[in-house]
Every structure is written in C-alpha cells, then in structure tokens.
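K.L.:
As you go down the protein sequences, you meet chains A and B in turn.
Counting in my numbering, the first sequence runs from 1 upward without gaps.
Counting in my numbering, the second sequence runs from 1 upward without gaps.
Keep in mind that the hints are not guaranteed to be accurate.
Over 12 Å on every C-beta distance to chain A, these chain B residues come out as not near it, computed from the model [what the hints assert, rightly or not]:
no.	residue
1	S2
2	W220
3	F231
Calculated pairs, BS3-like style, for lysine-lysine (alpha carbon to alpha carbon, straight line, at most 25 Å) [as the list claims (entries may be wrong)]:
no.	chain 1	residue 1	chain 2	residue 2
4	B	K164	B	K57
5	B	K116	B	K273
6	A	K83	A	K95
7	A	K278	A	K261
8	A	K213	A	K278
9	B	K38	B	K324
10	B	K116	A	K169
11	A	K161	B	K116
12	B	K116	A	K172
13	B	K116	A	K160
14	B	K43	B	K6
15	B	K316	A	K95
16	A	K117	A	K225
17	A	K117	A	K160
18	A	K182	A	K160
Bear in mind the hints are in silico, worked out from the structure with no lab data behind them.
Given the structure is predicted, the values throughout are model-derived calculations rather than measurements.
Beta carbons are placed, not taken as given, at the ideal position from N, Cα and C, and that holds for glycine.
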Amino acid sequence: MSEKEMPDDGVNPAVPPAPTSPDAAAASGVDITNGSSAPAARPPPSRERLQQARRRVLRTILLTGGVMGAALSGYLPLVYAQKKRLRPPGALDEKDFLSSCIKCGQCVQVCPVQAIKLADLVDGFGVGTPYIDAREQACDFSCDAVQCILACPTGSLVYKKPAFLGVRKGAKLAAAPILKAKEKDAEPTLNLSERIGVARLTRPEACLAIQGKGFKGQVRGAAFKGRLRYMDVNRWKPIRVAEHPYDIAECDLCVRECPVKGAISIETVFAPDGSKRKSPVVHEPCVGCGVCEMICPVEPTCIVVEAREVWNT
Amino acid sequence: MSVYLKNRFRDQIAVMFGREPRKPVAISEPAQKIHVLKRATNKERLQAAIVAHQDRKSVHTWRNRRWTVLLVVNLFFTLSFWLDIQILEGALTASRFIGFHLIDLNSALQVMLAHKHIIVNLVIGTGTVLVLWLILGGRSFCSWVCPYHLLAEWAENIHLWLVKKKLVTDQAIDRRLRTLSWIVFALLALATGYTVFEAISPTGILSRALIYGPGLALLWVLALLVFEVFFSRRAWCRYACPIGLTYGVVGIFSPVRIKYTLDNCFHEGDCRKVCLVPHVLDTVIKGRAVDTEVPIGPDCTRCGLCVDTCPTGSLKFEVKGLSKLL
Chain A
1 MSEKEMPDDG VNPAVPPAPT SPDAAAASGV DITNGSSAPA ARPPPSRERL QQARRRVLRT
61 ILLTGGVMGA ALSGYLPLVY AQKKRLRPPG ALDEKDFLSS CIKCGQCVQV CPVQAIKLAD
121 LVDGFGVGTP YIDAREQACD FSCDAVQCIL ACPTGSLVYK KPAFLGVRKG AKLAAAPILK
181 AKEKDAEPTL NLSERIGVAR LTRPEACLAI QGKGFKGQVR GAAFKGRLRY MDVNRWKPIR
241 VAEHPYDIAE CDLCVRECPV KGAISIETVF APDGSKRKSP VVHEPCVGCG VCEMICPVEP
301 TCIVVEAREV WNT
Chain B
1 MSVYLKNRFR DQIAVMFGRE PRKPVAISEP AQKIHVLKRA TNKERLQAAI VAHQDRKSVH
61 TWRNRRWTVL LVVNLFFTLS FWLDIQILEG ALTASRFIGF HLIDLNSALQ VMLAHKHIIV
121 NLVIGTGTVL VLWLILGGRS FCSWVCPYHL LAEWAENIHL WLVKKKLVTD QAIDRRLRTL
181 SWIVFALLAL ATGYTVFEAI SPTGILSRAL IYGPGLALLW VLALLVFEVF FSRRAWCRYA
241 CPIGLTYGVV GIFSPVRIKY TLDNCFHEGD CRKVCLVPHV LDTVIKGRAV DTEVPIGPDC
301 TRCGLCVDTC PTGSLKFEVK GLSKLL
C-alpha cells in the first residue's frame, strides 16, 4: 500500500541516491526484489512522464501568470483614477501613503463619527486603504486628538512627517489649527501640520448665501445618516445632523459648522454687475476636513473639498 | 540531535523552498533495524491490521479545536469592533491587542520594502508577532488563524469529492513557484513602492471583509477557490502564498511540531492523503525514516489532520524540550 503512496511527481526517478546499506536500498520501495546496492543505470524518462512534466510547467506558468496579472492589475485604477481620494488627516502624500498603509483599518475603528471607510477592489493597490467621503460623513474632529493618526501602526498617518519625506508647497499649515470646540481649553490647537485638502466653492451660482437666501429644516433631509458634534448639544457625543434642524435667515451653514477657527467666513464680495453679495470665502487655515461639504444643504453641494489640494496664495 | 536528523533538518528547509524530498542517504542503526523487522512481518497479518484500521471511526479532535480557534480569533476582531470593546483592534495585517501592537510579518515586510522607512510601532508589532509565532509553531499561523485556510479546506473537500466522482483531477504545480512568488512580490514592493501583494492577499481581504463588511475584493478570493475546486488542490496555499513561506521560515526554529514515531507506523499513507503539504511527510514512506523518531519539517502547518487520521498514534504534537522537562 505504501508503495502506491510514493509521490509520482515528487521524487525524481532518475536519481536514486546511493543507499548506505542493502536494507535501505531494498526498503526504499523502488524495487523490492533487487537487493543489490549497485547504482542502477539511468532509465530514459518515459514519454508519458515527459509529457506530465511539460504539462506541469505549463500549469505553473498559468498560475504564475494569473497571480501576477491579478496583482499588477492593481496599477490600472491608479493610472485611470478619475477622482482623488480624500485621505484621513495626517495622511502622507498619496504615493507614500499607498506604500506605507498596511490596510488594517485601525483608523476606521477609532473614528467617533465613522468618517473613515476602506477602499474596495476598484482602487487597485489602494484596496483596503482608508478614505473619507466628506459629503456622506466628514471628519469633524470630534475626537479632539486626531485619533486615527494615533491608531496608525505604520506611520501612514502622522502628526509630523519624518524628515526624509518632503512637504509639498502649500500643504503645510501656517499655524496649528485652532479647534473651535476647544477654543476655551488650555490647549485649543489640533495636532496637525499639513492639510489633507482645501475647500472650494464650486457652484457659487447655487449657493444660498450668495443668493441671499436662508435655510429652514433638516439639512440633507431626514434620511441623512451623517453625524456632527454640536457643542451646544453634547461635546462628547456627535449626533445625527438630521436631529438638529436649522432656521437661519441667511445661510451660513458652512461657516457656522466649520470646526476650524478662521478657515472660512462670509465676506461681502462684488458680483460682476457691481452689486454687493455675501459669499463664503475659504482662508488659509482650512485643513480640508470636509464638514462644509457635508453640511451644504444644496443638492448637489456648492462647496467641496479638493482632496490633496494645497493652499495657493 | 543525531547526524541523521541534522541532515534531515537541513534537507527539510530546502524542501520548504520547493525542492522535492529525496530518499535519505544515511539511516541510523536503530531505525534500520526497525525497517528490517518491518519487512520481515507477516504480510497477511499486516494486511488484516490495515483493513481493521479502515473501519476506524474518523477522528476530528484537532481539526475541531483548530477550527474553533480560527473562528474565535477572527470573530474576536469583528466583535471587538462591532461592540466597540477595543480589546483587539485592527485586522490580521496589523492590530492591537489590549494596546500591544501585533503586525503580520509578511505585511510588515511588504510595507518596509515599499516605504523604505520603518517606524518604532512597526518594529514593536513585528517583533511581538515574530516571537509569538516562534513559540506557537511558525506556519501554525496558516492553519490556526488564516481565514482563507478555512475556506480553502472546505473548497478542498468539494475538490476531493469531485475527484472521487472522477469529474476533476488534481493538477500539481511546481512548488518552487511559492519561493519565486515570495521573491517577486518582495522585489515588486521594493521597485514599485506599492505593497503589491497586499492588494491581492486573500488573508487580508477576508480579514477586512469579516470586520468591515464584504466588498468586491472577495471576487478575487472566490476566483482562487474556484481554481482550487476545479483545477488544483489547495493551489494558493501550496504553490503561491508568500505568507506561508514567511511563517515557514519562522517555523524552522519553532519548538512546536509534529513528531513521527517509526515503530508504530503501518505505512498506510493516510496522513499524506489529508496533508496540505505532503512533502513534509515523506518520512512516513516505508524505509524513509532516518531515525526512530523524526520531527516533521518547517513547512508543516501544524494543523493536526495527520494526527487525527493516524490509526496508530505514530504522529503526535510535540513541544521540543518540554517532554524532557516533564
């Protein structure tokens, strides 16, 4: 029975090792009747065996090709990427981010508002990496301490970049951002040195502030699941935006709910026809958290965060 | 360790990297005696004993223990996140157990090669896992923790059923491919700066799917399983997965292993039929054992299927040094 167990593809039949004793030779199972320890002459490999070997090589190439093809297809989404992903705060530049992220999702787990999601297969090499869909759920810094950075085990999210990594011009924040929620604390700033993007008014024509309109009711409707920390409700417990209806004479939601001090304000601007208008204006302290994008009551949003955008003066 | 076992120890490392097992060059005196005695055994009585073994009820002690551990570990990740109890945070690629960093060795390697910068937490986490699996048996990660291993085991059962029905045949692939894939993925990480392997690692994909919810990436896992069911038995684990090789290298030095006792063995070969890595069990072939007791090599995943299957108790779990102490 054991003789049948011999791996037919396993042992190279052409090379029987010289046995030390006749017993070993006999017991080795190739030829029980032949007790002699003289090295056997190499039998030419049979046609069948050669064919088997050839097939195995082909299968090996097939599996290699399949695995490598699948692996390298991860490049395609990077090459054809239409939209840049907004990464969590403290993310390294995209190339470095993708090389250092270990795809464990610890940042996802610590986020109090579950702003961070993990990318799927369509992101290629970015599969399993964290990103923020600000319109659905922005980072409102409810955690105060940028917990995702603290959780990251590989330094993909960092408070401060290591020296060997360059900082893109305009990515560095002029000063540590002051968190409006912490303004009265002894240490009001957020430990963040670079922005993840910059907010931009992409559809001024639809902006309620510019039109001089107000807003009443639930921002984004009753079904909207996004959450926000409201200091007048509970500093430590973000609630659903739908549970916090507004009644505002002149819309300033993006300014009102921006968590960072001095990042956006309503300014008087002149329209092309010379008339005075109110308009949200983004300033240098903007870190790109995306709360303005989430809270904008117009569909589609008038203000968006341009991921990985830098501040151009 | 006798010179015979030393030779075998070296030999098994080469076997792990893909060389086919060879017949031993030298066999110890006591082992030779047993081999001779076995040949002198009455053939009919031997056959009768083997037939008796076939009526033996199938035992699943170790398999059940292992499946339990595997499910508990993986679901612990999920529960920890869902219930927000923060005991085991993260996924199999990297996690924190009550604050202690744990980082998968192969994932850490990919990140280090791609990013070319190593931070302290990464070193701590990798070191912890290295020590952990050094103690627990290297590739025991594969069979006792990796979620893909469990799915692949189920797929393997379907495959074996189809083989029995003669609907498919197992297409063997060159085992050196795994070493090649380890090298290629390491070089790809180094050259491209992307953790290329992490994008297709079914271990990572499944672990994340269990914790953070399913995604399209599961299609790749499904494709692998289909390949294994209809084409090549356990192809990913046997011929492709670099994680297995990484932990296999750790297993070279691990004290937890399966030990083979020549004396009791009837050489029926059932263990080799259930084994994921039958090349480590070449020692059970009649006349191959170099000593009366032979530890199984580092590519063994310590899954215990052979221990369950062996009707004579010739294959047993052993912790090196512990038996001497007790």
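K.L.:
Could you work out which earlier hints the structure fails to respect and list their numbers in ascending sequence?
P.N.:
2, 3, 5, 9, 14 and 15
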